[in-house]
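**Q** Sequence:
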Amino acid sequence: MKFRILYFPEPVDCTSDPHYVHYTSEKEMMNDVIKVCESHLVKAICSVRCYDEDDHLLLESDVFMPNKLAGGRLMTGPYAKKHKIEGLYFYADAETKPSLPPGLTGVKYVAQHLEELLEKGMKELIIGVVWTYFNDHNCSDYITANFNALYVDYCNQDWYRSDEANYRKHILELAALLGVHPNELENEL
Numbered sequence: 001m002k003f004r005i006l007y008f009p010e011p012v013d014c015t016s017d018p019h020y021v022h023y024t025s026e027k028e029m030m031n032d033v034i035k036v037c038e039s040h041l042v043k044a045i046c047s048v049r050c051y052d053e054d055d056h057l058l059l060e061s062d063v064f065m066p067n068k069l070a071g072g073r074l075m076t077g078p079y080a081k082k083h084k085i086e087g088l089y090f091y092a093d094a095e096t097k098p099s100l101p102p103g104l105t106g107v108k109y110v111a112q113h114l115e116e117l118l119e120k121g122m123k124e125l126i127i128g129v130v131w132t133y134f135n136d137h138n139c140s141d142y143i144t145a146n147f148n149a150l151y152v153d154y155c156n157q158d159w160y161r162s163d164e165a166n167y168r169k170h171i172l173e174l175a176a177l178l179g180v181h182p183n184e185l186e187n188e189l
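Under my numbering, the residues of the sequence shown are numbered 1 to 189, in order.
For the record, the hints were derived by calculation from the structure and aren't laboratory data.
Worth double-checking, as some hints may not be accurate.
[Claimed, not checked] The calculated lysine-lysine pairs, modelled on DSSO-like cross-linking and capped at a C-alpha distance of 30 angstroms, are:
#: 1; residue 1: 169; residue 2: 82
#: 2; residue 1: 35; residue 2: 97
#: 3; residue 1: 68; residue 2: 27
#: 4; residue 1: 169; residue 2: 43
#: 5; residue 1: 120; residue 2: 68
#: 6; residue 1: 97; residue 2: 120
#: 7; residue 1: 120; residue 2: 82
#: 8; residue 1: 123; residue 2: 27
#: 9; residue 1: 97; residue 2: 43
#: 10; residue 1: 27; residue 2: 43
#: 11; residue 1: 27; residue 2: 97
[What the hints assert, rightly or not] Restraint-style ranges between C-beta atoms, simulated for each label pair:
#: 12; residue 1: 184; residue 2: 119; range: 18 to 26 angstroms
#: 13; residue 1: 76; residue 2: 116; range: 30 to 38 angstroms
#: 14; residue 1: 93; residue 2: 184; range: 16 to 24 angstroms
#: 15; residue 1: 52; residue 2: 78; range: 18 to 26 angstroms
#: 16; residue 1: 77; residue 2: 115; range: 20 to 28 angstroms
The structure presented is a predicted model; accordingly, all values stated were derived computationally and were not measured.
Even glycine gets a Cβ: it sits at the ideal position worked out from N, Cα and C.
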């Protein structure tokens, strides 16, 4: 049996459509992150993870997904509404102990304990989301707050751009919510 190995040294983008917003403080960043997570633009929150300088996981919430996976239980009722995980299926327990509360409650926990977490070396907060206008969670549907560089990336899949009407609504409403011009969300880092 013969194999051929192909190697392409050029980096490629992983289907992401980044939307960077720069900030002057960590607190300002978290205020906007909570504002977006609480808004109608985010249908549900799949996961919340905090990483340190070495990309080690400091804290994480349980993980939920929008499609039924092996053994996943559908989240419904007041508990699911409170945490903004309604309509998602349980996927996996948090790896960290202690763990973050699920969904929106986990994001708020990070905001409330921001100084303490930054002192422990938190560099990044990564929130898996289901954007309302696209009703799915894929590999680029994340809100990433980088506390070293003071920016937040409100990222989505690049193929969402083909749904022009919903994509335009998403960008315009996200820009209005954040108080930036829509063109600012379409600029690279």
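**Q** Against this structure, judge whether each hint is valid.
**A** Results for each hint:
no.	hint	result
1	169 with 82	holds (26 angstroms)
2	35 with 97	holds (27 angstroms)
3	68 with 27	violated (36 angstroms)
4	169 with 43	holds (15 angstroms)
5	120 with 68	violated (35 angstroms)
6	97 with 120	holds (15 angstroms)
7	120 with 82	holds (28 angstroms)
8	123 with 27	holds (14 angstroms)
9	97 with 43	holds (27 angstroms)
10	27 with 43	holds (24 angstroms)
11	27 with 97	holds (25 angstroms)
12	184 with 119: 18 to 26 angstroms	violated (31 angstroms)
13	76 with 116: 30 to 38 angstroms	holds (33 angstroms)
14	93 with 184: 16 to 24 angstroms	violated (38 angstroms)
15	52 with 78: 18 to 26 angstroms	violated (34 angstroms)
16	77 with 115: 20 to 28 angstroms	violated (34 angstroms)
In summary, the numbered hints that this structure violates are 3, 5, 12, 14, 15, 16.
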